[in-house]
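Chemist: Sequence:
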Amino acid sequence: MQDPFKSSLFSSTPAIRRRAFLTRLLLSGLASACTNPLLATNRRIDPSYYTLLADPHIPADRLRQHNGVFMTTQLETVIKQVICQPRLPGGVIIAGDLAYSRAETEDYLQLANILQPLRSTGIAVHLALGNHDHRERFLHAIPWAFRPDRPRQDRCCTVVSSPHANWFLLDSLEETLSTPGLLGPKQLQWLASALDARRRKPAILVLHHHPDHTNPRAGLKDTEAFLEVLKPRPQVKACVFGHTHRWAHITDESGIHWINLPPTSYVFRPEYPIGWVEARVHTDGMILRLHCLDHRHTQHGQELHLTWRPARFSNFISSVSTDTEPKLPTPS
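Count along the sequence shown starting at 1, add 8, and that's the number in this note's numbering.
What the hints contain is simulated information worked out from the structure, not anything from laboratory work.
Among the clues, some could well be false.
[Stated by the list, open to error] Calculated pairs, BS3-like style, for lysine-lysine (alpha carbon to alpha carbon, straight line, at most 27 Å): (1) Lys239 / Lys194; (2) Lys239 / Lys209; (3) Lys194 / Lys209.
Given only the sequences and the hints, what does the whole structure look like? Please build it.
Modeler: Printed below as a string of structure tokens:
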């Protein structure tokens, strides 16, 4: 079957006009799919509501499959569902592995086209990097993703402010196609300083790799140093990540919530859900709701009501060893 993105129609159209055409085409399809009359008028952005995604693995060829899944179609379905919500999120955060396999420039151009309806609707899009990403190609293909004056020029990290929490986006990409991740001492130093400068508001951290002491070949290699930054700072309430392609949540001994996002692409076990997570942050915690692409999945619509750990717990935290980490799932 011919790739529609390589047809004569698109090859003879300048890149900007082509992108605009595709955006209008997709938006018109999304609009027709939104049958709720509330969505047609007066839809507003809720700055306390964020949409959390992970592991889209978008290829340049939209017809490419992996494990029987069309990754581009899956992400387009998620975007349609997000845009069709009665209230639009203040932002969409994708926790890494944006591109397929080797992270070619064309993968990111395809991703940018798929994400354009979100930006056209006024929804901010925030992107983190994983081991199937390439930093330089990513920044070249999607220049709007990070400001040139980002906190660290060697990493794609930043802070996103919202009414009830600061979202810290971290960059755990060490080497493309190498499974484990690394934050590195310079980024950890920046994180500690950025957290100390924002003590009054809860902090939610987002990165691709999961913390893991037991298998450094799969998760975050500098897990211990990462936990040494997080645990003594009571404003840190939760850490969100992808990488393992499964949905999970635990709370560790210090009260930090660890949230493993499901993929929008494919899973390693058939019983795992594929989809996205709705995060509604309030003063004392956060409500997470799982949206499975397969509405028949037993976990579709599952809600988790998370309560933030106390703002002051110096006596308690001194008794918690940073050698004790959350027992999190590892990639298959």
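Chemist: Determine for every hint whether it applies to the structure shown.
Modeler: These are the hints, each one checked on the structure:
no.	hint	verdict
1	Lys239 / Lys194	holds, 18 Å
2	Lys239 / Lys209	holds, 16 Å
3	Lys194 / Lys209	holds, 23 Å
Of the numbered hints listed earlier, not one is contradicted by the structure.
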